[in-house]
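Enquirer: Work the whole structure out from these sequences, hints included.
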Amino acid sequence: MHQSRKEQGVERASRRLLQSDRREAIVMSRLEEQVETAEEFFAFPSNRREPGGRM
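Numbered by my numbering, the letters in the sequence shown go through residues 59 to 113 in order.
Honestly, the hints are just simulated from the structure, not real lab data.
Note that the coordinates shown come from a computational prediction; the quantities given were computed from them, not determined experimentally.
Watch out, some of these pointers could steer you wrong.
[What the hints assert, rightly or not] Label-pair distances were calculated between CB atoms; the ranges are:
id, residue 1, residue 2, range
1, Phe99, Glu69, 52 to 58 Å
2, Glu97, Leu76, 30 to 36 Å
3, Glu97, Ser62, 48 to 54 Å
4, Ala101, Gln61, 53 to 59 Å
5, Arg73, Thr95, 32 to 38 Å
6, Glu94, Val68, 37 to 43 Å
7, Ser87, Glu65, 41 to 47 Å
8, Phe99, Ser62, 54 to 60 Å
9, Arg74, Ala96, 39 to 45 Å
Beta carbons are placed, not taken as given, at the ideal position from N, Cα and C, and that holds for glycine.
Expert: Listed below in structure tokens is the structure:
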């Protein structure tokens with residue numbers, strides 16, 4: 059069954075958005091892994107807070 063041009067355009071746009079979301083998720087995951095590795099290497103927890111509740 060054929061799709062209308064509008065349906066094809068919507069499908070292409072949604073695929074592009076999903077691809078960029080996937081890429082962003084992969085990049086964020088890699089950055090998070092690198093931060094965790096650096097924290098382990100330097101022994102600094104990322105959620106460390108200073109006395110008085112300030113960061």
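Enquirer: Against this structure, judge whether each hint is valid.
Expert: How the hints compare with the structure:
no., hint, result
1, Phe99 - Glu69: 52 to 58 Å, "violated (45 Å)"
2, Glu97 - Leu76: 30 to 36 Å, "holds (31 Å)"
3, Glu97 - Ser62: 48 to 54 Å, "holds (52 Å)"
4, Ala101 - Gln61: 53 to 59 Å, "holds (56 Å)"
5, Arg73 - Thr95: 32 to 38 Å, "holds (33 Å)"
6, Glu94 - Val68: 37 to 43 Å, "holds (39 Å)"
7, Ser87 - Glu65: 41 to 47 Å, "violated (33 Å)"
8, Phe99 - Ser62: 54 to 60 Å, "holds (55 Å)"
9, Arg74 - Ala96: 39 to 45 Å, "violated (33 Å)"
Hints 1, 7, 9 from the earlier list are contradicted by this structure; the remaining hints agree with it.
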